[in-house]
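**Student:** Since the structure of chain S is already known, use the hints to place chain D on it.
Here is how the chains run, residue by residue.
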Amino acid sequence: MTNIGSYDERVKQFDWSISEKELEYSDGNIINIGWYCSDRICDKGHGGKTALIWEGQGGVEKRFTYNDIRIHSNSIGAYLRSLGIKDEDRVCLFLDRIPELYIGFIGILKIGAIAQPLFSAFGDESLHLRLEDAGTKAILTQRKHVGKVRKVLDQLPRLEHIIVVDHDGKKPLKEKEIAFSMEAAAPVENFEIFPTKAESPSVLHYTSGTTGKPKGVKHVHYSLIGQYLTAKWVLDLRENDIYWCTADPGWVTGTSYGIIGAWSLGVTQCVLDSGFSADAWYSFIERHRVTVWYSAPTAIRSLMKAGKEAVERHDLSSLRHLCSVGEPLNAEAVVWSKEVFGLPFYDTYWQTETGAIMITNVPGMEVKPGSMGKGFPGITALVIDPKTYEPIVEPGRIGLIAFKPGWPSMMRTYWNNEATYLSKFNNGWYLSGDRARLDKDGYFWFVGRDDDVINTGGHLVSPFEVESALLEHEAVAESAVVAKPDEVNMEVVKAFITLKPGFDPNPDLELKIMNFIRKKLSPLAMPQEIEYMDSIPKTRSGKIMRRLLHAKEWGEETGDTSTLEDDE
Amino acid sequence: MDDIKDAVLEYVIEEYVEDEDEEVSFDTPLISGGIVDSFSMVSLKRFLENRYEISIPDEEASPEAFDNVNKITELVKKHLAKKE
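First to last, the protein sequences are chains S and D.
In terms of the working numbering, the first sequence opens at residue 263 and continues consecutively.
In terms of the working numbering, the second sequence opens at residue 19 and continues consecutively.
Chain S on its own, in the form it takes in the complex (with noise of 0.2 Å):
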């Protein structure tokens, strides 16, 4: 029997009060996500628990029970009081997945503060935009990315304390670094947390967007609610599971299922903080007999092209569910995932604004291979007409996929930007920004973005953003983004660029503006492709025309090019 047993019977029944329920949790009490995932556990006597079993670069291991959790996250959260970091300061989490970031941002969330995470491989511009947006008070981060902090420091006059959490002594600290380790941290044994409501901010996750800076997503407490449900329902998380998300915190589903989810069901799980290759990630569920597996499509087509032979050098027998999130899951990875794992993956869909599992493929319910599946109970989930914003009824026809705002885990603004989140809404829908159909049994069909924004690997990149930076390198005279197709991760993102006088285009050149993207912004926004141009296909009134690019990319039909300045 399944976590959430019959699909059909629990949309009729549904009500989020199941979730409050289980939580213990009444309308006006104080809820705290820190407590729920740490604290609450040892009350109900699982201090014992393994919580944490985290395994790093050349198979250092290190294992945390919940107990350990509790009192290590007390320690942060004293630490960071004693800095005066106090509630709904924002204090960011720029580490790699180590141990100090899922019990950080625990630390953080207990003393009402806003936990920030930052993918660690973001260069220092991505890093300087989104500590300065969010007014960061705190950063904790790692030896090997201080450096990315220093570059930025002088442009962040709000941020105060930088604390490395694995100081070793060898070399001197610079202004405002201080160092701090968790293990060695004296024993809060009783910690005072703070008593934060539904609506106290806990997270904030930035997402890119097509045009101007980086979103913050601002999250609550209340989130919990929706995350413990859909963790219990569509994971099917129980008591003796050992559970291994594969997102990194520095995206939403590392920080709502890779830390949120799992730790307030009192569930062990697994993180592995090292580079991917498919025998080490099938090593890894052996060794430690993983139970459930929540990945992402760019992972999952991977290890189809390592091949059904790496499988079978491993006993995964211990597997006994499968989910996937971050971009469409194509058919073929279902199928081929139930050939060689005898379950398939079933496809989750949700967003960094959404903070929980919307649309959704749940044990017991029929997968079909391709689809994203269908609305969590008590998610009302449709497509929409684009021009009229009014409910699409028809089966096939291509819509927006459209939210009723209200659910628990919505973001509650975007951070500085009321505006923009303001426009995410329109005749009583939240728009996500994703186009599909809806097929006669009710199942969501993925069909593409409704806007620019680059989807590779799961993870959102803004056109305008990388479009930007290459302006900023010294042969770079005009420059448009647009999404290529890519076997592996969905989309890449491809650069046509114009030079400057006394440039000339050759390999070489290409190399150094990929490098310098690289860094500057991430490796995600990297351009896998560069094109020389002559001139870049622009609008009467100098707007780049992405679209056009797009087409000549995806082989496409360019449609109207009259408006255009200059044709290719």
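In short, the hints are calculated from the structure, not lab data.
Computed from a predicted model, the values in this text were never measured in an experiment.
Yeah, the Cβ is synthetic: ideal placement off N, Cα and C, and Gly gets one too.
Worth double-checking, as some hints may not be accurate.
[Unchecked claim] Chain D is nowhere near these chain S residues, computed Cβ spacing over 12 Å in every case:
{"#": "1", "residue": "Val414"}
{"#": "2", "residue": "Pro419"}
{"#": "3", "residue": "Gly719"}
[As the list claims (entries may be wrong)] Below, simulated BS3-like cross-link-like pairs (lysine-lysine); rule was C-alpha separation at most 27 Å, straight line:
{"#": "4", "chain 1": "S", "residue 1": "Lys774", "chain 2": "S", "residue 2": "Lys762"}
{"#": "5", "chain 1": "S", "residue 1": "Lys600", "chain 2": "S", "residue 2": "Lys475"}
{"#": "6", "chain 1": "S", "residue 1": "Lys762", "chain 2": "S", "residue 2": "Lys702"}
{"#": "7", "chain 1": "D", "residue 1": "Lys63", "chain 2": "S", "residue 2": "Lys406"}
{"#": "8", "chain 1": "S", "residue 1": "Lys649", "chain 2": "D", "residue 2": "Lys95"}
{"#": "9", "chain 1": "S", "residue 1": "Lys814", "chain 2": "D", "residue 2": "Lys101"}
{"#": "10", "chain 1": "S", "residue 1": "Lys283", "chain 2": "D", "residue 2": "Lys101"}
{"#": "11", "chain 1": "D", "residue 1": "Lys89", "chain 2": "S", "residue 2": "Lys702"}
{"#": "12", "chain 1": "S", "residue 1": "Lys406", "chain 2": "S", "residue 2": "Lys781"}
{"#": "13", "chain 1": "D", "residue 1": "Lys89", "chain 2": "S", "residue 2": "Lys406"}
{"#": "14", "chain 1": "S", "residue 1": "Lys774", "chain 2": "D", "residue 2": "Lys89"}
{"#": "15", "chain 1": "S", "residue 1": "Lys570", "chain 2": "D", "residue 2": "Lys63"}
{"#": "16", "chain 1": "S", "residue 1": "Lys306", "chain 2": "S", "residue 2": "Lys283"}
{"#": "17", "chain 1": "D", "residue 1": "Lys23", "chain 2": "S", "residue 2": "Lys774"}
{"#": "18", "chain 1": "S", "residue 1": "Lys475", "chain 2": "S", "residue 2": "Lys800"}
{"#": "19", "chain 1": "D", "residue 1": "Lys63", "chain 2": "S", "residue 2": "Lys774"}
{"#": "20", "chain 1": "S", "residue 1": "Lys324", "chain 2": "S", "residue 2": "Lys494"}
{"#": "21", "chain 1": "D", "residue 1": "Lys96", "chain 2": "D", "residue 2": "Lys23"}
{"#": "22", "chain 1": "S", "residue 1": "Lys567", "chain 2": "D", "residue 2": "Lys100"}
{"#": "23", "chain 1": "S", "residue 1": "Lys649", "chain 2": "S", "residue 2": "Lys800"}
{"#": "24", "chain 1": "D", "residue 1": "Lys96", "chain 2": "S", "residue 2": "Lys774"}
[As the list claims (entries may be wrong)] Partial list, computed: chain S residues near chain D (C-beta under 8 Å):
{"#": "25", "residue": "Arg302"}
{"#": "26", "residue": "Gln319"}
{"#": "27", "residue": "Lys406"}
{"#": "28", "residue": "Ser536"}
{"#": "29", "residue": "Phe538"}
{"#": "30", "residue": "Pro769"}
{"#": "31", "residue": "Asp770"}
{"#": "32", "residue": "Pro785"}
**Tutor:** Only chain D this time, still in chain S's reference frame:
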């Protein structure tokens, strides 16, 4: 051969190693060790193709084939031999 190894190692250290205290040798795991991610691997492949004037097919540019400097050197050597 040693020239190739040295050149690749130097490039990897200069371009991808963030922690200046980290020691990287010819057999240090690059991809599985998290030093070079799958996206950055494209730029490493491009470096090899530019420098040695070779073309490495995508199916040969696997995480396993790029996992350390020794393996990368073998791959480069193979494609240089094809050129001759």
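**Student:** Hint by hint, note whether the structure agrees.
**Tutor:** Checked hints:
1. Interface exclusion of Val414 (chain S) from chain D stands, the closest Cβ pair being 15 Å apart, more than 12 Å.
2. No beta-carbon of chain D is positioned within 12 Å of the beta-carbon of Pro419 (chain S); the least distance is around 25 Å.
3. Gly719 (chain S), annotated as away from the interface, has a beta carbon of chain D within 12 Å; the closest lies near 7 Å.
4. Simply put, Lys774 (chain S) and Lys762 (chain S) have alpha-carbon atoms about 15 Å apart, close enough for the 27 Å limit, and the pair holds.
5. Restraint check for Lys600 (chain S) and Lys475 (chain S): not satisfied, since their Cα atoms lie roughly 41 Å apart, outside the 27 Å limit.
6. A C-alpha spacing of about 55 Å is found between Lys762 (chain S) and Lys702 (chain S), which places the hinted pair above 27 Å, so the restraint is violated.
7. Pair hint Lys63 (chain D) plus Lys406 (chain S) holds up; C-alpha atoms about 24 Å apart against a cutoff of 27 Å.
8. For a cut-off of 27 Å, the pair hint linking Lys649 (chain S) to Lys95 (chain D) is broken: about 58 Å separates their Cα positions.
9. A threshold of 27 Å between alpha carbons decides the hint, and for Lys814 (chain S) with Lys101 (chain D) the separation of about 33 Å lies outside it, so the pair is violated.
10. Between Lys283 (chain S) and Lys101 (chain D) the alpha-carbon distance is near 70 Å, which puts this suggested pair outside the 27 Å criterion.
11. Restraint check for Lys89 (chain D) and Lys702 (chain S): the C-alpha separation of about 52 Å exceeds 27 Å, so the hint is violated.
12. Using a Cα cut-off of 27 Å, the hinted pair Lys406 (chain S) and Lys781 (chain S) holds, with the two alpha carbons roughly 14 Å apart.
13. Distance restraint check for Lys89 (chain D) and Lys406 (chain S): the Cα-Cα separation of roughly 26 Å lies within the 27 Å cut-off, and the hinted pair is therefore satisfied.
14. A threshold of 27 Å between alpha carbons decides the hint, and for Lys774 (chain S) with Lys89 (chain D) the separation of about 24 Å falls inside it, so the pair holds.
15. Taking the CA atoms of Lys570 (chain S) and Lys63 (chain D), the gap is about 26 Å. The hint holds against a cut of 27 Å.
16. Under the criterion of a C-alpha separation no larger than 27 Å, the hint pairing Lys306 (chain S) with Lys283 (chain S) is consistent with the structure, at around 15 Å.
17. Our distance criterion of 27 Å between C-alpha atoms is met by Lys23 (chain D) and Lys774 (chain S), whose separation comes to about 21 Å.
18. Taken as a hint, the Lys475 (chain S) and Lys800 (chain S) pair is honoured in the structure, with Cα atoms around 22 Å apart against an allowance of 27 Å.
19. Distance hint between Lys63 (chain D) and Lys774 (chain S) is fulfilled; the C-alpha atoms sit about 13 Å from each other, no more than 27 Å.
20. For the given pair, Lys324 (chain S) sits about 26 Å from Lys494 (chain S) by alpha-carbon distance, which is consistent with the 27 Å threshold.
21. Simply put, Lys96 (chain D) and Lys23 (chain D) have alpha-carbon atoms about 14 Å apart, close enough for the 27 Å limit, and the pair holds.
22. Between the alpha carbons of Lys567 (chain S) and Lys100 (chain D) the distance comes to roughly 25 Å, so the proposed pair stays at or under 27 Å and holds.
23. Straight-line distance between C-alpha atoms of Lys649 (chain S) and Lys800 (chain S) comes to about 25 Å, which keeps the hinted pair within the 27 Å bound.
24. Taking the CA atoms of Lys96 (chain D) and Lys774 (chain S), the gap is near 26 Å; set against the 27 Å cutoff, the hint holds.
25. Of the supplied interface hints, the one on Arg302 (chain S) is violated, with its beta-carbon coming no nearer than about 33 Å to a beta-carbon of chain D, more than 8 Å.
26. The restraint placing Gln319 (chain S) at the interface with chain D holds, with a minimum CB-CB distance near 6 Å, inside the 8 Å limit.
27. About 3 Å separates the beta-carbon of Lys406 (chain S) from the nearest beta-carbon of chain D, less than 8 Å, and the hint is met.
28. A least Cβ separation of about 5 Å between Ser536 (chain S) and chain D falls short of the 8 Å threshold, and the interface hint therefore holds.
29. At a threshold of 8 Å, the smallest CB-CB gap from Phe538 (chain S) to chain D is about 6 Å, leaving the interface hint in force.
30. With its C-beta approaching chain D no nearer than about 5 Å, Pro769 (chain S) sits inside the 8 Å limit, and its interface hint holds.
31. Checking Asp770 (chain S) against chain D: minimum C-beta separation of about 6 Å stays under 8 Å; hint holds.
32. A cut of 8 Å between beta carbons decides the hint on Pro785 (chain S): the least distance to chain D is about 4 Å, and the hint holds.
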